[in-house]
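Note that the protein sequences, when read in sequence, are chains A and B. Going by this note's numbering, the first residue of the first sequence is number 1, and it counts up by one from there. Going by this note's numbering, the first residue of the second sequence is number 1, and it counts up by one from there.
Keep in mind the hints are simulated off the structure, nothing from the lab. Note that this is a predicted model, so its numbers are computed, not measured. Backbone N, C-alpha and C define an ideal beta-carbon position, used for all residues, glycine too. Any given hint could turn out to be false.
Said to hold, decoys possible - What the simulated footprint calls covered on chain A by chain B, stretch by stretch (three residues with Cβ under 8 Å from a Cβ of chain B suffice, anywhere in the stretch; the number is not a length):
| id | region |
| --- | --- |
| 1 | 23-34 |
| 2 | 43-49 |
| 3 | 99-110 |
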Amino acid sequence: DAGVIQSPRHEVTEMGQEVTLRCKPISGHNSLFWYRQTMMRGLELLIYFNNNVPIDDSGMPEDRFSAKMPNASFSTLKIQPSEPRDSAVYFCASSSAAGYTFGSGTRLTVV
Amino acid sequence: KNEVEQSPQNLTAQEGEFITINCSYSVGISALHWLQQHPGGGIVSLFMLSSGKKKHGRLIATINIQEKHSSLHITASHPRDSAVYICAVLNSGNTPLVFGKGTRLSVIA
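Chain A with its partners taken away, still in its complex shape (with noise of 0.2 Å):
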């Protein structure tokens, strides 16, 4: 198995761009996380999926962020527009009873 994998490992963009983080989670894994990591708040949750779900959506930070899982093998998370306080390390991650694995994350840099 690959493992989670995100796309892109890195995004550079222009301040109020839109920006779209893919993540295809671990075949038969059913629950899908997206997580937050800066320095000054370590790792957050953004939002998590139960059988693509949506099951709390409470760490969202504002409208401009939205999160869809139309199928079991992807999901998104959609920063529109983006701003230079969104900077910071995307992570998705995947579980199952049997265990968490966590995707390499995308490094965002809004300028």
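Here the structure of chain A is known, so what remains is to put chain B in place on it, guided by the hints.
This is chain B only, laid out in the frame that chain A set:
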């Protein structure tokens, strides 16, 4: 107060030393993870524990459910062990991890 507390926050050790990182939590959990993150790198799950002890190479993780405490030990530490070690707990089922703030370990040759 954070639900998951780790100590120490920072740790510097000489190569070969035995290292212990501690984690205490205040909530009921179904499992506890020890995660490792190298600088600029991804997050790797080292162990998932719900009871007892697990060992993988030079790494040992223990958990005491009654005391709500877990420890991660590294024997014969090496500079390549330098990383941030994060304790994270799972409340139940397919729920998000609750993270500690991490312990930054530097092992000097």
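Hint by hint, here is what the structure shows:
As drawn, the region 23-34 of chain A meets chain B at 3 residues by the rule of a beta-carbon pair under 8 Å; at three or more, the given contact holds. Only residues whose beta carbon comes within less than 8 Å of a beta carbon in chain B count, and the region 43-49 of chain A has 3; three or more means the coverage holds. With 7 residues having a Cβ less than 8 Å from any Cβ of chain B, the region 99-110 of chain A passes the three-residue criterion, so the hint holds.
Every hint, counting from the list given before, is met by this structure.
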